[in-house]
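S.K.: Could you put together the complete structure from these sequences and hints?
Each chain, written out:
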Amino acid sequence: MIQAKDISVGYGSKMLVEKLNLHLPKGSVTAFIGSNGSGKSSLMRVLNGLQAPLSGEVLWDEKKLTDFHRKEKAKYAASLYSNFARVEGFTVSELVALGRSNHTGFFGKLSDSDHIKIRESLNLVGIEALKDKELTTLSDGEFRKAMLAKLLAQDTEILFLDEPTTHLDLPAALDFVGVLKKLAKAGKTIVMSTHHLALAFKLADHVLLFDGNGKAAFGNANEMMNHELLCGFLKTDKIRVENGNLLFDL
Amino acid sequence: MAKWILCLLILLILIPASLLLGSVDIPLSAFFGKADELQGIIIRESRIPRTIAALSGGAALALGGLFMQTLFRNPLAGPSVLGLTSGSSLAVGILTLGGGVLATSQVAVVSSAAIGSIAVLLIVLAVAHRFADMASVLIVGLMLGFFASAVVSLLQAYADETSLKTFVFWGFGSFSHISFGQLPLFALPLLSIFFISPFFIKPLNHLLPGELHAKTMGVNVKRLQLFLVVTTGVMVGLVTAFCGPIAFIGLAAPHLARMLFSTPNHRTVLPATLLLGGALALLCDLIARLPFSEFAIPLNTVCAFMGAPVVIYLVIKGRKSRILT
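Protein chains in written order, with numbering that gives the first Met the number 0: chain W, 0 to 249; chain L, 0 to 324.
Everything labelled a hint here was simulated from the structure, so no lab data went into it. Treat the hints with caution; some may be incorrect.
[As the list claims (entries may be wrong)] Here chain W is said to cover these stretches of chain L; the calculated rule only asks that three of the stretch's residues, wherever they fall, bring their Cβ under 8 Å from a Cβ of chain W: (1) 201-211; (2) 214-223; (3) 262-268.
As the structure is a computational prediction, the values presented were derived from the model and not from experiment. We treat Cβ as the ideally placed atom computed from N, Cα and C, and that holds for glycine.
M.R.: Have a look at this one:
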């Protein structure tokens, strides 16, 4: 469970999010939607404990983020940011093994239970066939899935995913979101940012809309699927909602 | 496992070779109490310090290279990217080229080289502290290097023949300037850094996909960066002070380690880099002595002859294997 109390996020005089309150229950999926630079990634880093808010506080399971030790946070939340690089020479299973490192000893030697967890993670994401492939030989979709498997191996409650479907072709994106759906059902709390409006509404329980000037709107996905809200926040008039479906006017 | 045995075997051949071979060949029996007085002095005052200096100095440069390659996530980074070697060169240049007679003493050269690299290290640290951004640190290090080289060329242009010779000889690099008595001062700080380096295997691995990744894994990234810059600075400073600016070993050894063990995982690469760095330095030093002859060639010439092809070969081989799979 993630809570945000009166948090403001921004840089210098530029306020991206102002006095925001959030409550994201365990096992829920929340999608951040907004134009580029509207504050999606910044808010995610704040909720993730990687960046301090300008004001307000973040709580994980009712414990203040500032009271967590660095290592403890990594056992609670696993994150995928779009600038994570493909490590040359690493295989998929070596990457996934990296997710176990907060559970292993001094030299990072993997125990039997670590190996089991790695195998489970690869299975859950559906990439066991790729386990010996080098990261540099994977397609974008395969690489994101390998990263997702690494996050699962971390064995955390919360997953933060910053634009995980960007650069993926449509089948790969659908496939990826399908895996996320499965993970949410298994009880993971997922926070992701995306430009894929249709996929976001299909997957998410909650949607947070950003306008990039300090204003944000948060609500259940079905309440947020609203012509005025979406067009207002995304500064367009080309999104329509009909019978619970998103339509785009061209 | 076989690859580790291979590494150790190479060292087991190189170490005795380094003790026995040189302008004066020492028979194996000399090590078992049958040395005459001259042989005893050569072994104690020349061969042993030289072998230990090459082993520990090579390993230190290699470890510094590995740290810099991981820190900057740049395969071309080496221990010299922080500009420390250039700082030493500048200080030694000012002393030998500008200082005249005073400058010929070895103590003066060693201490000025140390002061030069420490000064650059402090500048680099100040930049790292202020900007918290490793790209700026890299650029500042490189620019300090260019600046130092420019001043050195200026000094060279106006220097007299003798001091120019002293400076050029220092620039050749050599593991033979360390006496038995100086060994602890040289090797102990290096050994203590080798000893604590395994503590950083896991954080270094988390740095591979990027700084933000390391942060999400609970690594104190700032502290890690500081550790890497300071230890590399100390290692490069010490080696450059005593042995001169030694090229290529620091760049080549980590690549060799990654290639031989086909992984970038520091759990393997870090110890392998130490071993291979030591072995590479010993080998270069051995070749530089031109055993069985009365001549010797500059260490840096050998390092470049050995190092450059190794790096080119590794890069080409790496690209090929990637295209084929």
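S.K.: Each hint: holds or not?
M.R.: Now for the hints, and whether the structure bears them out:
1. 201-211: holds (count 7)
2. 214-223: holds (count 6)
3. 262-268: Coverage by chain W holds for the segment 262-268 of chain L (4 residues, Cβ < 8 Å).
Every hint from the earlier list agrees with this structure, and none is contradicted.
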